[in-house]
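Participant: Each chain is listed here by its residues.
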Amino acid sequence: MDYNTLLQILDSTLRLATPLLLACLAGLFSERSGIFDIGLEGKMLAAAMASGAVAFLSGSVWLGLLAGIGASLIFAGIHGLASITFRGNQLISGVALNFLAAGMTVLVAQRLFGQGGRTPPLSGDARFNPVTLPFAESLRDVPIIGPLYYEVISGHSLLVYAAVALVPLSWWVLNRTRFGLRLRAVGENPAAVDTAGVSVVGLRFAAVAITGVLCGLAGAYMATALQAGFGKDMTAGRGYIALAALIFAKWRPVAALWACLLFGFFQALALRPDVVTAVIQVKVPVPFLDALPYLLTVLVLAGFVGKAIPPRAGGEPYVKER
Amino acid sequence: MTFMKSLMGATAMALTAGAALAEPAIIFDLGGKFDKSFNEAAFNGAEKWAKETGGTYKELEMQSEAQREQALRRLAESGANPVVMTGFAFGDVLNTVAPDFPDTKFAIIDMVVDQPNVKSIVFTEHEGSYLVGMMAGLASKTGTVGFIGGMDIPLIRRFGCGYAQGVVAANPDAKVVLNMTGTTPAAWNDPVKGAELAKGQKAQGADVIYAAAGGTGVGVLQAAADEGILSIGVDSNQNGMHPGKVLTSMLKRVDVAVYNAFSEGTEMSTGFNVLDLKSEGVGYAMDENNAALVTAEMQAAVDAAAEKIKSGELVVHDYMSDNTCPAAEF
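Going line by line, the protein sequences match chains A and H. So the first sequence is residues 2 to 323, counted in our numbering. So the second sequence is residues 48 to 377, counted in our numbering.
Treat the hints as calculated values from the structure; they're not laboratory data. Do not take every clue at face value.
Covered stretches of chain A, going by a simulated chain H footprint (3 or more residues, C-beta under 8 Å) [what the hints assert, rightly or not]:
id	region
1	113-121
2	226-235
3	279-293
Cβ atoms here follow ideal geometry from the backbone N, Cα and C, with glycine treated the same way.
Next up, chain H with everything else stripped away, as it sits in the complex (with noise of 0.2 Å):
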């Protein structure tokens, strides 16, 4: 009796200090924190945040599927507060959680769930997407571009939508060849499938390739490097991974989206929250090791785009909206 006494007492301040504390978490999904891409972005902005205000915050690296619930409870239950996700498929999880924890507030990424202490993030990746398509376009000399997703959920789906538009934007006779990995989680991890895809995409004409596959695009990359072809990074900056050899990569500021809401900490504001191409949340990335493949032309033809869509003139179909897509078929 005395020790479950003193094991209370122990938890209840535990409880409080983490309460006091009030570390922010960041859950990372299957794809792994370091898959240079899209979770990767989100750690970066965990840790620009934890740089600039000298704070902590706990962080769990999904590993398998059967996890999430757990993890996230553990995680609330710690006192952690704001719990950040990564990832769409933490939807029905939270959806079930947070209603559980109504004094922390959780943000998810790329996911909508209509809950009074969520944050909602989305981004419009159909944009970005979109930008990249007609750098694609512009770039391609066979006339024949290709797309490589991940696992095939409409969120991909909107990537490689965009992504057509955009090409058929800037050459109206383009092809696109457009593959995803596979159907479930392990899609986002499977290099060897991702090259043998950019092999076979090679062979069927297309010399440019987008990769929007999490830890699958470095095969993709990779491939294209070996095979003397072009390739379009996703999420995070991925030109440098092969310089010369990435025309371009779309950023999707997933680093921002973390970073300000662990700098709003227990303030955090719920609710949905766009971020789109005129709040700079997704772009296309400019660096050295780009520098030489884009002309002053296609940039040029890029950005006007860019301002078109900013200012509301030009609207990209969004494949999510009604589950069409009006320049590709999957």
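Next comes chain A alone, as it looks inside the complex (with noise of 0.2 Å):
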């Protein structure tokens, strides 16, 4: 494997890792709170069809974006009220939502504009474009620090960016702040934040509404700048990797980086194989390269690296009194 091979794969492995970075962080907000959240995938897929729609309508992807938040925003409100409000079952709201999400955003797309549920291709300033970023073309020359500066860390579009961003940024709210502290006490003892005098419902909410945001800007960068348009189940599973890969990142926006970026490598890898073939000088399988994600986060589970425990509280609804 050559230098180029493997930035273009590195390339491939930021672009892949972005929208599982977003909705892990997403995921992260949810379940540091108390509050699980299988219903990724779903907000996922409201975003990229809402997103795509507007954007397309309007010819602004700033639109477009702020829609996909919306949408995906109402469907964290439902899981929110649903799991919140009147204490439902988590895991079950989720799915819900996931299988109203798959219907409804094929049915509207398709009432919109008629064409199997695919949104119409967008072009120009509808959709996301590759940034350059400064110093990338006269840095192209310098060895291996140039052409890794131009191929892998310019000429994403800016939503990739901003989910790099946003890791040091949450991993400073949920630490350093005193709206993380109590989040984060929220998922562990809520009782103990009630008695505190903090509001357990709306500490919930607002992490709920975080995880609508960024799942938004997952959904958004899907349709908007990894692709241009909706199409029909566009997410592809991408939502449940997501939570996988939160299980591996044990619940941490640091290590979610790294996570997310490992998966998207698989996934880059499972796209080469004659790479892969070239390096280890076995025929790997596929699928295998594709399962790869998951059978690592059994071993995390299994305790083999270490020990993943969860939030506390998750998954249970706060009664204040018994």
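Take the two lone chains and join them into the complex the hints point to.
Facilitator: Here it is, written out as structure tokens:
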């Protein structure tokens, strides 16, 4: 494998890891506050459809992004209402929302555009176009670092950089702010937070709303940056891989970045079986490469790679008085 | 009891009414009716029939793998005749369902089902793919071309194998990069992965990419257009999706097959039916969108090969005949 091939795979890794990373951070906020969210997939799908449709109708990708975040927030709101206000089962609510999103996105897109549940192809300003970072052209000839900067780091859409920037921001919010401390506490011991006079319901809704915004970014990225429009079931299970990454990262933001990059790297490798064969001299079946993220997650859950302990109050609705 | 009687009466009436009308029916496979490719071609054939005859037809779009048998039985019970289904995946199910409805005619596209009331329609995709492969070989400047299949099944390998043979025939030194999107039906509908595969193939030097991948192909064509390389569409004429950036499309006249089945109606002939280059069941698409991309020499070379295939002088190897390919390794 030569250097250029490696760069190409890393480039692909970054593109594929971005929706995972955004969804993973989304799940992180929700689960750290004690609300399990199986519905990342559905929220991404709803956001992808809304952003694709609005970006096409308005011609502006920014309006599309807002619409995507809006759609995702509505789904997050329903999840919050069901699992926080009405203390329903969080897993069931999430699964139900996934089904709702899978059907509704196609229905609405078909109703609007009549193209079989697809939104029309976007072009120009209706899409997030690649951004060339400063000095990328001039540094290109510097050995090793130049091509790395030009090929891998530069030339992605704005949302990729936003996703990476959100990692330290999430870390800071969770670990260095009062809000973050309370958010984590509400996922571990909501009764203690309640005793301190802080609203458990309010905190959990705030966390679910952050999840909505981040899933909105992930969905909009898929429909308006990676692709030029929404297609039926286009998230293709990435919401679930993000959940696996979240467990792999043991519910920590910086680890989530590495987990998503690793999973993205596996996905990118699965696209280049020729490279894998050339490097390890054995022909590896592509489905095995596809299954690697899940295999790793199972290993982590089984306790082989350190212990993954979920937030203690996760999945339990908070009841003030018993 | 009275209720039961009236219920049975109603069912009997519905059944006779259905039999008298004998609407044809079509079931679309998981790619979806508007995949701009295989299923959409079938839909266009059905629509053409409806427009010309003024008739109506029943249709059903599959949503999950589990629905196959149920969908098929439901349509057969409703009195629809003939029932046409698109896709190899219906093969096993039809084999068990067809004997239960001896008076209903079934037509299956892309699969052979040996039952007295079933018409099996298969296409010689390797011949059509050979022609677009030649065109790719002639159009490529880098000497490397790509193929992206949907689900990894022998049928799709037949596309890839015919394509690779065509490429090598046009340019013996050319390299063909082959990729499959996946091994599950989800592989027909993952445009993001299709786009990444296309970018990966471009990085390996490919400058013409042929997508035989249903809805995934939308992503391949998009990525190719974004990256400034050429792509080749499949099944339907996809030249217009990115005018001036799609070299050509391998036409598989699923629309003609559906149209014919509907036109024959309850009198539809059964048995094995091959639509090949000679009977114009496959071919390549030329229109105003790709006129500037295809030179006169390219077209002449491809047409000459087409004539040879039609006359039997040139035999394109069929992957499904022995599960090997002389020009490519899967």
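Participant: Looking at the structure, which of the earlier hints fail to hold?
Facilitator: No hint contradicted; all consistent.
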